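Undergrad: Starting from the structure of chain A, add chain B where the hints point.
Listed below are the residues making up each chain.
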Amino acid sequence: GAGVSQSPSNKVTEKGKDVELRCDPISGHTALYWYRQSLGQGLEFLIYFQGNSAPDKSGLPSDRFSAERTGGSVSTLTIQRTQQEDSAVYLCASSSSSDTEQYFGPGTRLTVT
Amino acid sequence: DAKTTQPTSMDCAEGRAANLPCNHSTISGNEYVYWYRQIHSQGPQYIIHGLKNNETNEMASLIITEDRKSSTLILPHATLRDTAVYYCIVRVYSSASKIIFGSGTRLSIRP
Chain A
1 GAGVSQSPSN KVTEKGKDVE LRCDPISGHT ALYWYRQSLG QGLEFLIYFQ
51 GNSAPDKSGL PSDRFSAERT GGSVSTLTIQ RTQQEDSAVY LCASSSSSDT
101 EQYFGPGTRL TVT
Chain B
1 DAKTTQPTSM DCAEGRAANL PCNHSTISGN EYVYWYRQIH SQGPQYIIHG
51 LKNNETNEMA SLIITEDRKS STLILPHATL RDTAVYYCIV RVYSSASKII
101 FGSGTRLSIR P
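If you read the protein sequences in the order shown, they are chains A and B.
Just so you know, we're using the working numbering here: the first sequence kicks off at 1 and counts up by one.
Just so you know, we're using the working numbering here: the second sequence kicks off at 1 and counts up by one.
No lab work stands behind these hints: they were computed from the structure.
Model, not experiment: these values are computed from the prediction.
Don't take each hint at face value.
Simulated crosslink set (DSSO-like; lysine-lysine; CA at most 27 Å straight-line) [as the list claims (entries may be wrong)]:
| id | chain 1 | residue 1 | chain 2 | residue 2 |
| --- | --- | --- | --- | --- |
| 1 | B | K3 | B | K98 |
| 2 | A | K57 | B | K98 |
| 3 | B | K3 | A | K11 |
Okay, the calculated bits of chain B under chain A, using three or more residues with CB under 8 Å as the criterion [as the list claims (entries may be wrong)]:
| id | segment |
| --- | --- |
| 4 | 42 to 50 |
| 5 | 99 to 105 |
C-beta: ideal position from N, C-alpha, C; glycine also.
Here chain A stands alone, though its shape is the one from the complex:
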């Protein structure tokens, strides 16, 4: 079946602009996660959603970052007033309520110039 998809695959934006990154999880998966990976670095947790519970936002690096998940499916990660240090690959993952494995999408490569 279809895996986790993310769009766009690449995004180049100017410093100070806002960007929106989209994640389509695997159908039926109740948990959705956002991570980011800066060049040559490991993966850093940002936020996760589980069903109708309040999201865990403990990994968001600043108030310029926000995310929402509409209808328990698609999620959008928004970065306002982008900075060069926001340049990274943003990865989305999802998991089902009966499974502890997280399935990752291909990521969105964000470049802030």
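TA: This is chain B only, laid out in the frame that chain A set:
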């Protein structure tokens, strides 16, 4: 901070078994050991997980020491496609549990 310690890099000859060690001396009783890998330019991929018994699936075997303070991931017959960064992670067994990634082991398979 990540709760695991892994060598920065390793290499292995194609066709041989690749043994990747991981130390997790502070693992709690309710935490499992998970392994993921990340092939260049792709998202991480789940490999295997275990609590205290050794586990095997179509991809790999996981050997956990009796005191659970360390484990070894074994790729029985490494191929060039196994070249990746391998992450050893400890986390609670839950579908709603974020993953804290460490720096992983960069495994290179040589022909």
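Undergrad: Each of the hints needs a verdict: does it hold here or not?
TA: Now the hints, each set against the structure:
1. Taking the CA atoms of K3/B and K98/B, the gap is about 13 Å. The hint holds against a cut of 27 Å.
2. With a C-alpha separation of about 11 Å, the suggested pair K57/A and K98/B falls inside the 27 Å cut-off, and the hint holds.
3. For the hint linking K3/B to K11/A, the alpha-carbon distance of about 33 Å lies beyond 27 Å, and the restraint is violated.
4. For the segment 42 to 50 of chain B, the proposed coverage by chain A is satisfied: 6 residues have a C-beta within less than 8 Å of a C-beta in that chain, meeting the threshold of three.
5. Judged by the Cβ-Cβ criterion of 8 Å, the segment 99 to 105 of chain B is covered by chain A as claimed, because 6 of its residues qualify and three suffice.
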